[in-house]
Structures are given as C-alpha cells and as structure tokens.
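Protein chains: 2
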Amino acid sequence: MDFEEKTISSATIFDGRIVRLRVDDVSLPDGGQSKREIVEHPGAVAILALDEENNIWMVSQYRKAVEQVLLEIPAGTLEEKEHPLECAKRELAEETGLIAEEWQEIITYYCAPGFCDEKTFIYIARNLKKESSLSPDRDEFIEVSKIPLETAYQQILDGHIIDGKSIIAVQYAVYNYLGK
Amino acid sequence: MDFEEKTISSATIFDGRIVRLRVDDVSLPDGGQSKREIVEHPGAVAILALDEENNIWMVSQYRKAVEQVLLEIPAGTLEEKEHPLECAKRELAEETGLIAEEWQEIITYYCAPGFCDEKTFIYIARNLKKESSLSPDRDEFIEVSKIPLETAYQQILDGHIIDGKSIIAVQYAVYNYLGK
Chain C
8 MDFEEKTISS ATIFDGRIVR LRVDDVSLPD GGQSKREIVE HPGAVAILAL
58 DEENNIWMVS QYRKAVEQVL LEIPAGTLEE KEHPLECAKR ELAEETGLIA
108 EEWQEIITYY CAPGFCDEKT FIYIARNLKK ESSLSPDRDE FIEVSKIPLE
158 TAYQQILDGH IIDGKSIIAV QYAVYNYLGK
Chain B
8 MDFEEKTISS ATIFDGRIVR LRVDDVSLPD GGQSKREIVE HPGAVAILAL
58 DEENNIWMVS QYRKAVEQVL LEIPAGTLEE KEHPLECAKR ELAEETGLIA
108 EEWQEIITYY CAPGFCDEKT FIYIARNLKK ESSLSPDRDE FIEVSKIPLE
158 TAYQQILDGH IIDGKSIIAV QYAVYNYLGK
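Chains as they are written, first to last, in our numbering: chain C, 8 to 187; chain B, 8 to 187.
Quick caveat, the hints were computed from the structure, so don't treat them as lab data.
Treat the hints with care, since some could be wrong.
Identical copies carry no separate label here, and so any pair may be met within one copy or between two of them.
Result set (DSS-like, lysine-lysine): computed pairs, CA atoms no more than 27 angstroms apart in a straight line [stated by the list, open to error]:
no. : residue 1 : residue 2
1   : Lys42     : Lys126
2   : Lys137    : Lys153
3   : Lys42     : Lys88
4   : Lys96     : Lys42
Chain C extracted, bound-state conformation (with noise of 0.2 angstroms):
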C-alpha cells in the first residue's frame, strides 16, 4: 500500500531564528483530504564525549520551553550548509572546550516525526584532549560537569536524565562500551 501524503497546497505560518511552522494540506491514501502541521528545524547534532575511564560530559542548562534546568550531552543546531561532523566539533569545543581525535557517528535519528523534521546526528568523540576555552551563544549559560558514564546511565534510570539524544546515546554507550 502507498502511504504517501501528496502536498495539495502549503501554508508558511511563521519563519523564525530556529523554527519555521508551516501548515500542509494533503490528499490521504484513500483520496481524503487532512492538515499537516509541520516545525522545520535546521538539524542537529549532540555528543557523548567519553575518556579513557569511561566518564562523559555533560552540560547543564536552562530550557525555557520546559521551564527547568536539564542535564544533557553536549548539543547544537546545524548551522546553514554546516556539515554534522564539524558541527559536532565545533559545539565541543564551545561547550565544554575539548577536542577529540576520533570521532564515530553512532545513531541518527527524528524525535518527533509526526510534527517535525528535524533529524539529530549523534557522534561519539574519544581520545579527548583539553584544548579551546568555553565559548557557548551569548545567549547560552551551560554549567559543564564529567560524571561516569555508568552513573548517567543509573540517571537514565531513575528519571533524572530526561533529555531524548542523551538517553539515546548513553544508552548506546553504555552497551557497546561497558559491555552490559
């Protein structure tokens, strides 16, 4: 069976610095017709930045569309015509002032394809090395911590690590690097 959803037409509801909204209206398989609301994201990239014992960075700070603090893996937006790998590279070394010498795209992935495009690319970074000064936005604050990558893995658990990309990769991480 063809799923597709054809575009009869497209309506641009908002153009912003990271989102743009538009709303679809398509012809559904059985010749109905239905509204797609559509975010557009430029596309991101996150990184679980693991050293030789087995501990990871991670970033601390303040989401305003969920009002909280949240401790997440190093992350960013693509900027235009950025490529993911260099992304990743550059949003280490703002973040948490590392570089690392070997880099390994481990899962990429949507997180939320019934309303948006956006597709994170996730890498693994080693062979870290303590190079650049923090650098984040102007309008970033992060606070940067190094924790086991076991004791990530337990926050998972316990609901204290709640962001999608770092639960995907320190569970990657987890099982491919310590072997649970």
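Got chain C sorted already, so can you dock chain B onto it with the hints?
Using the frame of chain C, we list chain B on its own:
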C-alpha cells in the same frame, strides 16, 4: 548559578490542532535579553508491546514532516486531560488491536527540549491479548508488523529504525529483557 530565564513577554503565533507556537522575550542570567521560539505540544505516549517470545509490535506510517514511511512502536498524542496510561492503552488498541494485562512506565523524556515542551511517556506492555479490531484515526494509515526485539535492535544499529521514541524503548528493552 541561577540559570532561569524569566519571561518578559510572550506572543502566540499559531494555535493549531496538534501544536501551538509562541515566541517569548526572556531576560538572561546576565541581565541580557533574548527571544525563545517555543513549540507547545500536548505530550505523547509510546508503547513497546513485548510478547513471551520477545517479539514487539511495530507500525509503519507515513510521516509528512519527514516525507517518508517510518517504522515505529505504537504511539499517540495525549488528548485533553487524558492520563498517559489510559492514552497508551487506547493507542495500543487502536493501532494494533492488542490489550495488555501488564503495564510498566519505563522512561519519560523530552524529545526536543531546546524548542519544544513535548513530554513522551514510554510504556512496556506485556501479557498481550488480541481483542479489539483496529481503529486508527481517520487520517492515519498504518501497517502493523511483529518482529523480534533483537531484530529491531539491529535495525537501530543499521539505520532502518530512525524514530527517537522507538530507539529509546528498544534500547531499554533489549538491555533489560534480553540481558545484553
């Protein structure tokens, strides 16, 4: 350090069927100001329906936002004042026709806290019985399949399953039920 961003003013841009978009002017910890584009979403549930042979139910569904058919675990959006567990039971029945006797909430997370307040509640459903007939929403066309949990995990690693909630749930289940 207090990271909180206080709202100076808030403007609603769009109030749709699924999402609501607003732009907040906020005061930053250093006294500066910035704008936050925020997508409001009612919240969602996702269900990993696991049988005695460690098979799970998946649904294939066209996702207009990403213009492709994705393989996902059953999921849905919370209706007004609906309890997540009730929503999970309803969505599982609607999308797969299954009733489960055993429900466990495993992980609750934010899929994109940088700009969206959507909270997703993931459940594992066990002791499954085929009872009701399918009754997806009128604009929802899905194909249901049953695959081994181990196969789903491999499909995450090879990039075939690229839906965030499905990745989190399958990773959790593989490590907690297959003892990987």
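Results of checking the hints against the structure:
1. Lys42 with Lys126: So Lys42 and Lys126 pass the 27 angstroms test inside a copy (22 angstroms) and across (23 angstroms) alike.
2. Lys137 with Lys153: Within. Shortest intra-copy distance 13 angstroms satisfies the 27 angstroms Cα cut-off; inter-copy 47 angstroms does not.
3. Lys42 with Lys88: Close across copies (24 angstroms), not inside one copy (30 angstroms); limit 27 angstroms.
4. Lys96 with Lys42: Close across copies (26 angstroms), not inside one copy (39 angstroms); limit 27 angstroms.
Taken one by one, the earlier hints all hold for this structure without exception.
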